[in-house]
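Participant: Each chain is listed here by its residues.
There are 4 protein chains.
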Amino acid sequence: MKNSKPTKRSRSGSTPNGQKLPVAKPNTAIFPKVAVELAEIGKNFYTRGWVLGTSGNFSAVISREPLRLAITSTGLVRGEGRPSAEALLHLAIARGVDTGAILHTHSVWSTVLSGSHASQGGIALEGFEMLKGLAGVRTHKHREWLPILENSQDMIELGENVSKTLRESPHIHGFLLKEHGLYTWGVGLQEAKRHVEILEFLMEVLVRSGAAQSA
Amino acid sequence: MKNSKPTKRSRSGSTPNGQKLPVAKPNTAIFPKVAVELAEIGKNFYTRGWVLGTSGNFSAVISREPLRLAITSTGLVRGEGRPSAEALLHLAIARGVDTGAILHTHSVWSTVLSGSHASQGGIALEGFEMLKGLAGVRTHKHREWLPILENSQDMIELGENVSKTLRESPHIHGFLLKEHGLYTWGVGLQEAKRHVEILEFLMEVLVRSGAAQSA
Amino acid sequence: MKNSKPTKRSRSGSTPNGQKLPVAKPNTAIFPKVAVELAEIGKNFYTRGWVLGTSGNFSAVISREPLRLAITSTGLVRGEGRPSAEALLHLAIARGVDTGAILHTHSVWSTVLSGSHASQGGIALEGFEMLKGLAGVRTHKHREWLPILENSQDMIELGENVSKTLRESPHIHGFLLKEHGLYTWGVGLQEAKRHVEILEFLMEVLVRSGAAQSA
Amino acid sequence: MKNSKPTKRSRSGSTPNGQKLPVAKPNTAIFPKVAVELAEIGKNFYTRGWVLGTSGNFSAVISREPLRLAITSTGLVRGEGRPSAEALLHLAIARGVDTGAILHTHSVWSTVLSGSHASQGGIALEGFEMLKGLAGVRTHKHREWLPILENSQDMIELGENVSKTLRESPHIHGFLLKEHGLYTWGVGLQEAKRHVEILEFLMEVLVRSGAAQSA
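Protein chains in written order, with my numbering: chain A, 1 to 215; chain B, 1 to 215; chain C, 1 to 215; chain D, 1 to 215.
Note that these hints are calculated values from the structure, not bench results. Treat the hints with care, as some may be off.
Pairs involving identical chains hold if they fit within one copy or between any two copies, as the list cannot separate such chains.
Claimed, not checked - Subject to a maximum C-alpha distance of 35 Å in a straight line, what follows is the list of computed DSBU-like cross-link-like pairs (lysine-lysine): (1) Lys-164 with Lys-141; (2) Lys-164 with Lys-43; (3) Lys-164 with Lys-33; (4) Lys-43 with Lys-141; (5) Lys-43 with Lys-33.
Let the hints inform the model, and build the full structure from the sequences given.
Facilitator: Encoded structure:
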């Protein structure tokens with residue numbers, strides 16, 4: 001995802017599924033700053049191989065009442081300037097947790113682990129100092145549960161599954177879609193970016209420790 | 001492949017095998033833009049380690065009637081400005097599928113997998129969201145077959161083998177040459193580049209999941 | 001750790017644990033040069049993935065009598081401009097060995113190995129030419145012992161453990177905290193940086209040779 | 001090895017072992033161009049992790065009669081501006097093969113493989129298209145033998161061992177020192193650089209294919 005400028009969507013935007021979406025007004029004062037941050041994050045992640053092809057999409061909450069997101073348009077195989085169908089997942093997350101930014105990446109590590117651990121329903125991350133990089137975590141003894149959801153092309157079904165997961169596990173910092181990738185979030189883009197780095201790091205540690213083979 | 005400027009070939013160009021080739025007229029209007037794109041892709045891929053040494057070569061279809069390609073000259077161990085012997089493979093692909101650009105890379109992942117899976121004739125990629133980055137693929141449930149062809153230094157024989165593969169499997173997005181590398185294509189250079197990223201990503205996933213050891 | 005400018009701390013600085021710390025006077029002549037070097041090292045290590053998230057912290061000894069350190073503020077999940085709680089570990093090292101700079105990184109390799117080898121108390125590095133990159137080492141036959149200390153959030157306890165380790169093994173060039181990361185040092189920042197590169201390189205060699213699986 | 005400017009040595013230079021060396025006159029016309037190329041190669045290799053710490057050293061033949069080399073000074077743990085003790089190995093290679101440039105790298109892959117395969121005396125590389133990147137190789141069916149020499153700190157003994165290896169195997173393109181690194185060469189710096197890339201690539205393929213575990 002080389003160009004990750006937020007979609008300038010008219011207020012009458014709708015998803016490929018036809019559902020109306022709350023959309024960002026492009027003239028919102030915060031918009032240019034967000035666009036620069038999204039572009040920097042996109043370039044950084046592209047270089048690290050976390051958003052190859054046209055994978056991944058990022059969003060920032062522009063307003064809460066009503067809920068409005070600025071979201072990158074370069075979803076998977078979709079036309080320029082059209083909101084990604086995965087916008088529904090971003091909305092489900094923004095409604096389910098008190099967050100200002102949501103990042104979705106497709107890394108090799110998350111693809112490998114979400115495949116090898118799918119039958120266990122998630123991955124437990126425990127004992128690592130790096131966990132303290134997650135908001136609110138104060139000790140390496142913390143046990144972080146990273147749920148794995150079944151992947152689907154039905155965004156409404158998947159959005160409901162995400163909402164259900166967030167209701168049941170309100171303290172998680174992210175989740176995986178099976179053989180698809182990572183969703184994580186934060187109060188702002190920089191915290192969300194830090195969460196991507198922390199979770200990707202720990203997934204790489206698990207794979208290199210042999211976790212994918214022994215699952 | 002650091003310098004990947006297209007070869008400026010006279011119309012009387014011929015391959016090392018002596019076969020006449022349709023060649024690009026360097027003054028074609030599209031040529032400078034293509035040269036810039038090829039250079040950017042070459043630098044990107046070199047940094048990622050997909051065209052180390054002087055491996056890899058890229059081409060863009062300049063015209064269809066007659067068929068003319070702009071092709072990078074830095075093939076393996078060949079003189080500056082001379083068309084690569086592998087130009088015959090690019091021509092075989094351009095004739096076999098309706099494509100505007102063809103990219104050939106030598107990555108560690110494709111070399112490992114095309115060796116470990118050669119006896120199976122190819123690699124099946126299935127269940128990955130990333131597959132949706134391939135043109136025309138709409139679901140992760142898609143099953144992509146990536147054929148592995150025996151490598152050869154006889155470009156005429158190899159070109160015929162490529163043509164046969166494309167006739168038999170018209171829906172593939174690329175193929176591997178055994179312990180050699182990947183060929184893929186797209187309607188334009190950007191789509192072909194996306195296909196390289198998608199296929200390289202998925203091959204890396206397979207190797208890191210242990211596929212090369214268990215083949 | 002993208003921004004690694006040294007904390008400009010008042011002389012009345014104290015750690016989160018309330019302990020008084022000797023602090024750097026920001027107007028010290030050496031300060032700007034150190035700040036530039038720390039920023040370059042931080043950027044380099046961030047690109048290599050050794051200080052992802054907000055992990056890692058670096059310090060330079062500004063004066064010996066009294067002992068004063070310039071230390072980066074971006075410790076794990078702590079506010080801007082506040083000294084890291086891990087400053088106590090830097091002080092313990094600066095008191096225990098005659099050093100001018102201390103670097104702490106969180107790499108995948110050190111996290112994997114410090115977990116797999118924790119029960120052995122450390123990692124032996126022997127027979128590698130690369131060992132000659134460590135200060136004072138003249139032959140690849142050198143046996144370097146890299147102790148692994150149990151991780152803890154009690155910095156006073158951990159600082160005492162570090163001091164004890166340095167008294168018992170005065171010739172070591174660094175140590176690991178379990179599933180946390182590497183501490184190393186040098187007469188100046190460049191030597192400390194070289195020690196990070198050497199030790200990270202050798203830990204990567206061990207993991208890729210299968211050491212983490214067979215431990 | 002970040003700074004890899006060639007040593008400006010006086011004609012009375014001698015190695016740490018006291019042996020007189022033929023040295024480059026710094027005013028030789030070719031010198032500035034060589035210095036720029038060496039710096040570019042050093043930066044490229046440092047980024048790829050092939051000359052971390054202060055490992056690796058590069059040389060270019062300035063004249064044949066008498067034999068004179070420009071060689072980088074940043075050998076392992078040696079003072080600025082002093083020729084590396086390993087200059088003797090460069091001289092042994094320059095005398096043994098008709099070459100214009102010699103490059104020595106310390107990569108993870110060469111360290112792992114030269115350890116795992118030491119008892120076999122070398123590594124056979126066969127069947128890879130990438131082999132055609134080596135000077136004079138025309139087919140992937142080529143079998144390249146990469147000898148592994150026992151490492152030593154006695155440069156005179158090691159130099160003689162190198163000379164003997166080159167007499168016995170005049171067609172090799174490089175060799176490994178056990179748990180130390182790769183030496184390769186070429187008619188000029190660019191060919192030598194290509195040989196580094198080819199050989200490092202193929203060693204990475206072998207390790208990722210499981211060769212280090214099954215040796």
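Participant: In ascending order, which of the hints set out earlier in this document are inconsistent with the structure?
Facilitator: none
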